[in-house]
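Q: In the order they appear, the protein sequences are chains A and B. This note's numbering numbers the first residue of the first sequence as 1 and each following residue consecutively. This note's numbering numbers the first residue of the second sequence as 1 and each following residue consecutively.
Since the hints were derived computationally from the structure, they do not count as laboratory data. Values in this document were obtained by computation on a predicted structure and should not be read as measured data. Hints are supplied without guarantee of correctness; some may be wrong.
Dumping the calculated DSS-like pairs for lysine-lysine here, alpha-carbon to alpha-carbon at most 25 Å [unchecked claim]:
id : chain 1 : residue 1 : chain 2 : residue 2
1  : B       : Lys-87    : A       : Lys-18
2  : A       : Lys-128   : A       : Lys-168
3  : B       : Lys-5     : A       : Lys-232
4  : A       : Lys-126   : A       : Lys-244
5  : A       : Lys-232   : A       : Lys-114
6  : A       : Lys-28    : A       : Lys-145
7  : A       : Lys-45    : B       : Lys-5
8  : A       : Lys-73    : A       : Lys-244
9  : A       : Lys-120   : A       : Lys-45
10 : A       : Lys-73    : B       : Lys-87
11 : A       : Lys-45    : A       : Lys-114
12 : A       : Lys-126   : A       : Lys-28
13 : A       : Lys-145   : A       : Lys-128
14 : A       : Lys-114   : B       : Lys-87
15 : A       : Lys-220   : B       : Lys-87
16 : A       : Lys-18    : B       : Lys-5
17 : A       : Lys-145   : B       : Lys-87
Listed next, with one range per pair, are the computed distances between beta-carbon atoms [to be verified]:
id : chain 1 : residue 1 : chain 2 : residue 2 : range
18 : B       : Leu-113   : A       : Thr-26    : 13 to 21 Å
19 : B       : Pro-65    : A       : Arg-5     : 58 to 66 Å
20 : B       : Trp-15    : A       : Val-137   : 43 to 51 Å
Here are some chain A residues pointing at chain B (derived, C-beta under 10 Å) [said to hold, decoys possible]:
id : residue
21 : Pro-163
22 : Asp-238
23 : Val-242
Where is the CB? At the ideal position from N, CA and C, for every residue including glycine.
Given next are the chains, with one letter for each unit.
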Amino acid sequence: MADTRTIEIEVLRYNPEKDSEPHFQTFKVPFAHDTSVLQGLQYIKDHLDGSLTFRWSCRMAICGSCGKMVNGKPELSCHTFLRDYYPGKVRIEPLNHFPILRDLAIDQSDFFNKKLPSVKPYVVPKEKKPLSAGTYVQTPGQFHKYYQYSQCINCLLCYAACPQFGLKPEFTGPAALALLHRYNADSRDRGWDERAELLNAEEGVWGCTLVGYCSEVCPKHVDPAHAINQNKVNSTMDYFGVLKFLMPKGGA
Amino acid sequence: MAQVKTYVRPMGGWWRRNPYFVRYMIREASSVFLAIYSVILLVGLWRLTQGAAAWEAWLGALTNPISILFHWLALLTVGYHAYTWWKVAPKTAPDLRIGGRPLPECAITAGGLLGTIGASILIYVIVRWL
Numbered sequence: 001m002a003d004t005r006t007i008e009i010e011v012l013r014y015n016p017e018k019d020s021e022p023h024f025q026t027f028k029v030p031f032a033h034d035t036s037v038l039q040g041l042q043y044i045k046d047h048l049d050g051s052l053t054f055r056w057s058c059r060m061a062i063c064g065s066c067g068k069m070v071n072g073k074p075e076l077s078c079h080t081f082l083r084d085y086y087p088g089k090v091r092i093e094p095l096n097h098f099p100i101l102r103d104l105a106i107d108q109s110d111f112f113n114k115k116l117p118s119v120k121p122y123v124v125p126k127e128k129k130p131l132s133a134g135t136y137v138q139t140p141g142q143f144h145k146y147y148q149y150s151q152c153i154n155c156l157l158c159y160a161a162c163p164q165f166g167l168k169p170e171f172t173g174p175a176a177l178a179l180l181h182r183y184n185a186d187s188r189d190r191g192w193d194e195r196a197e198l199l200n201a202e203e204g205v206w207g208c209t210l211v212g213y214c215s216e217v218c219p220k221h222v223d224p225a226h227a228i229n230q231n232k233v234n235s236t237m238d239y240f241g242v243l244k245f246l247m248p249k250g251g252a
Numbered sequence: 001m002a003q004v005k006t007y008v009r010p011m012g013g014w015w016r017r018n019p020y021f022v023r024y025m026i027r028e029a030s031s032v033f034l035a036i037y038s039v040i041l042l043v044g045l046w047r048l049t050q051g052a053a054a055w056e057a058w059l060g061a062l063t064n065p066i067s068i069l070f071h072w073l074a075l076l077t078v079g080y081h082a083y084t085w086w087k088v089a090p091k092t093a094p095d096l097r098i099g100g101r102p103l104p105e106c107a108i109t110a111g112g113l114l115g116t117i118g119a120s121i122l123i124y125v126i127v128r129w130l
């Protein structure tokens, strides 16, 4: 590592057993051209302070575990490189708007245990067919209606980007609503009615004020803002009872 | 929720922490000028129904320096609002595709902006010379 340089990393620390509120701690970390922010944190844990707590798994931007605020912006820390911040400092915080469990680890249980299951993130068929009836056939055009939204990796960067979620934690939020749309937009699905109450609610699409930052920070280009705002129109048409005439599937 | 002690950071001043949120707040605030301008126009319409004297009085009130200052401010903020409106239009538009490919966001924004500028020029020409 001939090109090793040293960068200052400020990390937000919070120990629920000792601290009444979080504080920053600065570490000097050597890095090379290809050192990610996540590897910087791993260097701290391995060599400087073994008590530093943070989540990670795949190191290649697909598992969605290592989201952090990096200089105020929600990022996958494996997908962000220390070289881009040098010679400045890097300030790493847990994802905004979530309760902090310890250091950089947030409490994700509200999303995984409540919000995500609430949108019924699975195909709800019109009627269950036996396996012998064969596969559900779909054209490439029908596939492209939802493909982009199915790319969500549940990394929660969009929640950290959404001030409405920060102000009103009951808001179902970008990723869950994008997944709701992913299944509603699927030609094999007939679950609109089952998801409508949540979608039409204040905590559903109407909790969104189109800040649009969710789509900006999404590492998988899911575009949750587009999913949510298309459904404000659907929700309005549902309210006036005209949606069932316009649904290409011929209603649920 | 986890059955352990957690810390929730306060939201106070959230919109000042990120330039993206500052621009969002300016976008939202600019609609206030648009609303006031619409009310002034509606008052003009109402005064028109009350006869020539009322209409002239309304026109006279518009020449007040404060009124002129407001209208310049409103023009500026409405211009910014129109720009941001078309900037977010791709998010509110339906899933538009040409030959199976999604219409690029910049095409929706540019098309909308050109349409707005074209319509504004047309209205100006009609009001000024026709």
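Q: All hints, please: hold or fail.
A: Hints, verified against the model:
1. B/Lys-87 - A/Lys-18: violated (47 Å)
2. A/Lys-128 - A/Lys-168: Cα-Cα ~38 Å, so violated.
3. B/Lys-5 - A/Lys-232: With Cα atoms ~37 Å apart, B/Lys-5 and A/Lys-232 exceed 25 Å; violated.
4. A/Lys-126 - A/Lys-244: Since the Cα atoms of A/Lys-126 and A/Lys-244 sit roughly 15 Å apart, the hinted pair holds (cutoff 25 Å).
5. A/Lys-232 - A/Lys-114: At roughly 22 Å apart (the allowed maximum being 25 Å), A/Lys-114 and A/Lys-232 satisfy the hint.
6. A/Lys-28 - A/Lys-145: violated (47 Å)
7. A/Lys-45 - B/Lys-5: holds (23 Å)
8. A/Lys-73 - A/Lys-244: violated (41 Å)
9. A/Lys-120 - A/Lys-45: violated (38 Å)
10. A/Lys-73 - B/Lys-87: holds (21 Å)
11. A/Lys-45 - A/Lys-114: violated (32 Å)
12. A/Lys-126 - A/Lys-28: violated (58 Å)
13. A/Lys-145 - A/Lys-128: holds (23 Å)
14. A/Lys-114 - B/Lys-87: Violated - the C-alpha atoms of B/Lys-87 and A/Lys-114 are around 33 Å apart, more than 25 Å.
15. A/Lys-220 - B/Lys-87: Judged against 25 Å, a Cα distance of about 21 Å means the pair holds.
16. A/Lys-18 - B/Lys-5: Between A/Lys-18 and B/Lys-5 the Cα gap is close to 11 Å, so the pair holds against 25 Å.
17. A/Lys-145 - B/Lys-87: Satisfied, since the Cα-Cα distance of roughly 23 Å is no more than 25 Å.
18. B/Leu-113 - A/Thr-26: 13 to 21 Å: violated (46 Å)
19. B/Pro-65 - A/Arg-5: 58 to 66 Å: holds (59 Å)
20. B/Trp-15 - A/Val-137: 43 to 51 Å: holds (48 Å)
21. Pro-163: OK, holds: A/Pro-163 within 10 Å of chain B, min 5 Å.
22. Asp-238: violated (15 Å)
23. Val-242: violated (15 Å)
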